[in-house]
Every structure is written in C-alpha cells, then in structure tokens.
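Residue numbers (my numbering), protein chains in the order written: chain F, 1 to 367; chain R, 1 to 367.
Hints may be right or wrong, so weigh each one.
Heads up, the list lumps identical chains together, so a pair's fine if it works in one copy or across two of them.
Unchecked claim - Calculated pairs, BS3-like style, for lysine-lysine (alpha carbon to alpha carbon, straight line, at most 30 angstroms):
1) Lys91 x Lys294
2) Lys14 x Lys155
3) Lys16 x Lys98
4) Lys190 x Lys16
5) Lys80 x Lys229
6) Lys228 x Lys190
7) Lys14 x Lys270
8) Lys98 x Lys228
9) Lys155 x Lys16
For the record, the hints were derived by calculation from the structure and aren't laboratory data.
All values reported here derive from a predicted model rather than from experimental measurement.
There are 2 protein chains.
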Amino acid sequence: MDTQITIIHTRTKKQKPDPDSLGFGRIFTDHMFIMDYDEELGGWHDPRIIPYQPITLDPSCMTFHYGQTVFEGLKAYRTKEGRILLFRPEKNFERMNKSNDRLCIPSIDESFMLEALKTLVEVDRDWVPDAEGTSLYIRPFIISTETYLGVSPSKHYRFMIILSPVGAYYKDGINPVRIGVEKEFVRSVKGGTGMAKTGGNYSASLKAQEVAEALGCSQVLWLDGIEKKYIEEVGSMNVFFKINGEIVTPELNGSILDGVTRNSIIQLLKHWDIPVIERRVSMEELIQAHHDGKLEEAFGTGTAAVVSPVGELLWEDNVLEINGGQIGEISQKLYDTLTGIQTGKVEDPFNWVSEVGTSSSSKSHAI
Amino acid sequence: MDTQITIIHTRTKKQKPDPDSLGFGRIFTDHMFIMDYDEELGGWHDPRIIPYQPITLDPSCMTFHYGQTVFEGLKAYRTKEGRILLFRPEKNFERMNKSNDRLCIPSIDESFMLEALKTLVEVDRDWVPDAEGTSLYIRPFIISTETYLGVSPSKHYRFMIILSPVGAYYKDGINPVRIGVEKEFVRSVKGGTGMAKTGGNYSASLKAQEVAEALGCSQVLWLDGIEKKYIEEVGSMNVFFKINGEIVTPELNGSILDGVTRNSIIQLLKHWDIPVIERRVSMEELIQAHHDGKLEEAFGTGTAAVVSPVGELLWEDNVLEINGGQIGEISQKLYDTLTGIQTGKVEDPFNWVSEVGTSSSSKSHAI
C-alpha cells in the first residue's frame with residue numbers, strides 16, 4: 001500500500017465560524033483526506049489531503065443504489081493548554097474494519113488510518129474549538145464507487161475523512177430525556193448488520209424516530225427483533241441501567257453496536273469497583289424494577305452526547321419516571337470523568353487519549 | 001408541483017454499443033431524468049431531462065452516511081414492429097412510494113413519475129435494443145442530498161432515472177442454478193426494511209452471497225430472521241415452489257419484497273386455473289416434499305431474469321436435486337408467456353404493457 005500522504009493546502013482558508021453557533025455537523029473545515037481503492041491498481045492507493053470540496057460521481061455509482069457504505073465518528077478536543085487530544089481513535093478504526101468485513105469492503109491498515117487522521121487534524125488544527133463542551137467531530141467513511149448496477153461487492157471504493165467543529169451537546173445543562181419503547185419497528189436482528197456502522201442501520205431507524213417524536217419522545221428504545229422482549233440500544237446509542245445498585249447493559253449479541261463509549265464506561269465502572277454486568281436485559285425486568293423502586297438510573301452512551309440520562313421511559317400507555325426525572329449520581333460521575341479525560345482535565349489512568357502532533361511521513365505542496 | 005419537464009438534448013451522442021456485448025448495467029444512454037426536492041422550495045421541483053453526466057455532491061451529503069435511498073428496476077422492450085413497450089411500470093412507482101414511506105422520503109406523484117419515465121425513454125428510444133432477449137433496463141432512484149451529519153430524515157432529495165441497454169439474461173439457454181440455504185446471515189426481519197427497495201437490504205446481502213458462491217451456489221435462499229425456518233426470498237428475487245401439483249410462494253409478511261414479476265405470475269397461474277397459494281413455506285416442508293418425490297419445481301422471479309429455475313438446493317451437507325436439475329414445465333411456460341407479453345409476441349389479456357409514444361407536456365431545448 002502507498003502510505004505517503006500527499007498534502008495540497010488550500011489557498012483560500014474559510015472564515016472560522018462563531019463558536020456560539022456551531023451546532024452539529026453542518027460546518028466543515030478547510031481540508032479533507034481521500035484514498036481510493038481499485039482492484040486493478042493494487043488496492044488502496046493515492047492517499048492525499050486536499051482542500052475540502054465536492055466529489056463527482058457517476059449516477060450509476062453503486063453507493064447510490066446498494067448502500068455498501070461504512071462510517072465512524074469520533075472527536076478531537078482542545079485542552080486548556082492548547083494541546084489537541086483524540087479519545088481512543090484506534091478503537092474506531094478497529095471497528096471500521098469489522099464493519100468493512102460485514103459489508104464486503106476491503107480492510108485498511110489501522111495504523112495508517114490513524115496516521116492519516118492525525119495528519120489531517122494537524123493540518124486543520126486551528127479548527128479545533130476551545131469553548132467548554134465544543135470539539136472537532138471527525139467522520140471517516142467509505143463509499144463504493146464502481147459504476148455498475150449489478151448487485152455484488154464493488155470493485156472500487158473511496159475512503160474519506162472530513163472534519164466538523166461542533167458545539168456543546170448540553171448547552172443548557174444535562175436534561176434527562178423521555179424515550180419511547182419501540183414495539184413495531186426493528187433496528188436490526190442477529191445475522192443482520194446491527195454490529196456494523198453502515199448507512200442501512202440508520203435509514204431503517206428514521207421511521208421509528210419520527211413516530212417517537214410525535215409522542216414527545218426524543219429517542220427510541222429498541223427491542224430485539226426476534227422476541228421483542230430484550231433491550232438493544234437507545235436511538236443510535238448504547239444503553240445502561242442501574243438496577244438495585246448494579247449497572248447492567250445489554251451484552252454484545254451480534255445486533256448491538258460495540259460502542260467505544262460503552263466499552264470505556266464498563267472499564268471506568270470496574271476501575272471504581274462499581275458492579276457492572278453485560279447481559280440480556282428484558283423490558284419486563286425494567287418494569288418490575290421500576291415497580292419495586294429499584295430502577296435507579298438509565299442513560300445512553302455515545303460519541304456525540306457521551307452520557308445521555310433517561311428521565312422517562314414511555315412503555316405502551318405508561319410513563320416510567322426514573323430518578324425523579326433527574327440525572328443520577330453515577331451518570332453524572334461518568335459524564336464528568338469521561339469528558340474530563342477527553343479534554344485533559346482529569347487524569348487518564350487507561351492511556352486512552354493520544355495527542356495530535358506534527359506528522360512526519362508527508363510531503364507538502366502548496367498550490 | 002412543477003410538472004413541466006424541460007428537455008436539454010445532448011449535442012454529442014455516444015456510439016451505440018455492440019448488441020452482443022451488452023451485459024448488464026455498465027452502459028448508459030445519452031440522457032437522464034432529474035428532479036430535486038427542497039422543503040423550502042415547495043417540494044419536488046425542476047423536472048428535467050439532460051445529457052447523461054456525473055453529479056457533484058458534498059462529502060457530507062447524507063446519502064453517503066445514513067443510506068436514506070430507494071430505487072426501482074424495470075425494463076422497456078422493443079417489439080418486432082419497433083414499438084417500445086413497458087411492463088406494468090405503474091406498479092414500480094406504486095412500490096417506490098411505499099419504499100419512500102418506510103424510508104421517510106417525501107412521496108412523488110405516481111402518474112408524473114410514469115410520464116417522466118416515458119418522456120425519457122422516448123428521447124433515448126434508439127437505445128432500446130432489438131436482439132432476442134435484450135431490453136432497456138430502467139433505474140429510477142432517490143438519494144438524500146442534505147449536507148448534514150445529524151441522523152434525521154434529509155430535507156433535500158434528488159430523484160433520477162437512468163437507462164442502460166442490457167443483453168439477454170439467458171445467452172446460452174435457461175440453465176437451472178444451485179442455491180444455498182442461508183443459516184447464519186439474515187436479509188431482513190418483520191419491522192425492518194425488507195419490503196422496501198432500499199440500498200441497506202442489498203448491502204446486507206453481500207456477505208451471504210460471497211459465502212454461497214464459495215460453495216458453488218449462484219444464489220442464497222433466505223430464511224426468516226426470527227425462527228430461521230420459513231423461506232423468504234432467493235438472492236434478490238421472490239421464490240416459488242411446485243409441490244404435489246400446487247404452486248406455493250411465501251406470503252407477503254412485511255419482510256418480503258412485493259415483486260411485480262411475483263404478482264404477475266400469481267395472476268397468470270390463476271388465469272390458467274393452476275392452483276397457486278401464498279402462505280408460509282418452511283424449509284422442513286421442502287425437505288419432506290423432496291423426500292416424498294413431491295418437490296416438482298422451484299424458481300426465482302424478478303425483473304432481471306423473469307424466471308430463474310432452481311436445479312439444486314444446498315441444505316447443510318445435503319443437495320436436494322429438483323426435477324432432475326432441469327427447468328420444469330410450468331417454469332418454462334411462465335417464462336415464455338411473460339417474456340412473450342413483455343415483447344408483444346403473446347396476447348396480453350391483463351393490459352399489462354403500455355407503449356412509449358411521443359410525449360406531450362415537454363418543452364425542448366437544444367444546446
């Protein structure tokens with residue numbers, strides 16, 4: 001594989017956005033990373049950082065028709081001292097290759113993807129915002145680019161990384177949300193693509209989300225597709241419950257995403273000697289625990305929110321209030337600790353963060 | 001909705017391909033149809049036929065990330081007299097709106113989509129090939145085009161129709177295929193997107209297809225995702241079995257595609273007074289019927305192949321041969337009659353075909 005990253009700097013840098021109006025995922029930085037895959041050219045080749053710009057594709061490009069795509073999401077944080085930190089980026093690229101395998105997309109060397117990412121963030125390091133709660137959202141993704149309408153794995157792909165400065169997820173403080181338990185629609189099932197980060201899982205979830213929002217819920221609580229009894233995820237996050245002093249989260253069963261935040265939270269809880277267990281969790285168990293006053297906390301976990309406390313569960317016509325609709329003690333502690341580690345404010349006993357410095361293996365061209 | 005179709009003709013027509021080397025889905029005609037959707041511009045607008053060309057999209061375009069896409073597939077056929085016939089195109093656009101509903105994509109007026117299609121085919125009518133078995137494959141599709149990384153229904157879409165002259169599916173005569181019963185991977189499940197024609201269903205199927213091909217099978221026979229007992233589809237086709245004189249096909253259960261060819265075959269069989277029933281069909285029943293010598297025919301149905309006879313079923317370590325590996329009498333009669341109706345050679349008692357004539361409501365510009 002060609003691992004020499006060519007860098008072409010933009011001549012016209014964009015104006016940086018007002019830090020108070022960042023929002024999520026609408027503003028992009030000055031550069032992007034691209035690498036192409038062609039079987040007949042020996043695989044992945046021509047890695048390059050170029051000015052952020054539109055891409056041009058034939059209408060018969062497979063990605064428009066058969067959804068053979070994967071993506072990842074992670075963030076870069078600016079510390080008080082101005083250092084740029086990444087949080088466990090190697091986990092994202094490890095998962096990307098698992099997604100690639102499920103989607104029949106050729107794998108990419110993980111350490112090279114990490115180098116490409118660090119080089120890109122370094123080029124656009126002025127774009128990492130520094131206000132409380134802000135960060136640079138990083139979106140690596142792969143699309144299939146063969147121009148062919150047959151249903152088969154594409155022979156051509158494009159791997160890209162784009163960067164978007166994002167605002168604080170909790171601008172007005174952490175307010176627990178109401179989520180609706182979904183009984184009709186299914187996100188994924190064992191043997192499907194639920195463990196992969198691929199577009200089809202997200203498009204399949206939109207309809208249920210629309211229904212939930214109409215019922216005043218901000219997210220959907222997904223049940224398993226087979227028995228419609230066991231908890232899977234909440235929206236596009238993993239989910240945890242504190243039941244009678246113990247933290248439980250659905251075990252990885254082939255249809256649940258192996259979340260980086262989920263994994264980090266399990267490690268943190270173990271580090272604190274708080275009992276945490278990965279196992280099947282049924283809706284029936286939650287209802288019983290709530291009835292017995294033992295459903296003490298509930299929260300979603302993911303890159304965007306880090307920890308998203310659940311204040312109410314809507315189950316059929318019943319509303320199950322959790323912890324008086326307030327964020328729980330452990331949820332708060334997990335949020336503070338994880339965001340603290342991510343931004344360099346809290347000691348990192350796990351070696352989770354890695355700093356973005358200067359890149360060594362690149363040649364640079366100004367045009 | 002703006003229903004005036006602007007036509008911009010190409011100045012440089014491509015050379016028509018050699019009819020013997022058409023293949024499938026790699027060659028495209030001179031023009032394409034485009035229409036865009038923007039909430040703030042009042043919905044679907046600006047329908048136009050323009051020279052076939054690449055499209056330019058931002059890397060943050062939702063279609064690359066969250067798979068909110070739908071598509072259709074149908075064919076135009078040239079009769080001996082040079083007329084151009086479409087086969088039940090209204091069924092495709094009816095289904096497209098059902099797919100749109102599941103994927104949270106705004107619906108499109110069905111009669112307008114049909115008019116757009118007929119206008120486009122008329123503009124490129126010289127591209128409809130006339131050799132035996134050839135046709136013009138038509139691919140209407142919609143992609144989400146909002147430039148936003150949030151997971152929510154897009155506010156912008158593009159509807160396109162592209163055309164591809166395709167060769168005969170059965171160049172060397174109809175040879176029954178071996179298909180493998182899939183036990184690990186799942187195509188879709190009730191509550192998922194299996195009844196919609198959306199990219200995610202097809203990307204999810206690639207892995208199983210790879211495994212099946214390695215076992216010498218040309219397609220996968222999908223079982224239901226819940227009990228892994230009941231037959232769903234074969235590859236990306238519907239499936240029929242003749243058991244003890246009766247034709248059975250899996251009933252539409254929410255995870256099976258409502259195929260136009262499937263529907264036409266059921267109507268044809270009823271017209272011929274051949275018993276046909278839509279119901280659950282278990283793998284166990286097929287094995288028993290085969291054991292008793294009563295599994296008489298099996299065939300997939302879809303737009304590409306029309307009828308694809310199954311000669312062997314690979315089930316665990318067993319090979320179940322069907323009808324001595326030869327095409328069955330009813331499979332052959334269905335193939336001959338359907339392709340006969342489609343190409344104007346056989347009387348059409350159902351009013352299934354409609355002719356492409358001159359379009360009336362368009363204004364034409366040469367550039």
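Results of checking the hints against the structure:
1. Taking the shortest Cα distances, lysine 91 and lysine 294 never come within 30 angstroms of each other, neither inside one copy (34 angstroms) nor across copies (53 angstroms).
2. Taking CA atoms no more than 30 angstroms apart as the test, lysine 14 paired with lysine 155 passes between copies only; the shortest distance there is 25 angstroms, against 35 angstroms inside one copy.
3. In this assembly of identical chains, lysine 16 and lysine 98 lie within 30 angstroms of each other by CA distance neither inside one copy nor across copies; the values are 35 angstroms within and 43 angstroms between.
4. In this homomeric assembly, lysine 190 and lysine 16 never come within 30 angstroms of each other (Cα to Cα): the closest approach is 44 angstroms inside a single copy and 47 angstroms across copies.
5. Taking CA atoms no more than 30 angstroms apart as the test, lysine 80 paired with lysine 229 passes in neither setting, with 46 angstroms inside one copy and 59 angstroms between copies.
6. With identical chains, the CA atoms of lysine 228 and lysine 190 are at most 30 angstroms apart both within one copy (13 angstroms) and between copies (11 angstroms).
7. For the identical chains of this complex, lysine 14 and lysine 270 are neighbours neither inside a copy (45 angstroms) nor across copies (66 angstroms), given an alpha-carbon limit of 30 angstroms.
8. Within a single copy, lysine 98 and lysine 228 get their C-alpha atoms as close as 26 angstroms, and across copies as close as 24 angstroms, so both meet the 30 angstroms cut-off.
9. For the identical chains of this complex, lysine 155 and lysine 16 are inter-copy neighbours only, at 25 angstroms across copies versus 38 angstroms inside a copy, given an alpha-carbon limit of 30 angstroms.
Checked against the numbered hints given earlier, the structure breaks hints 1, 3, 4, 5, 7 and satisfies all the rest.
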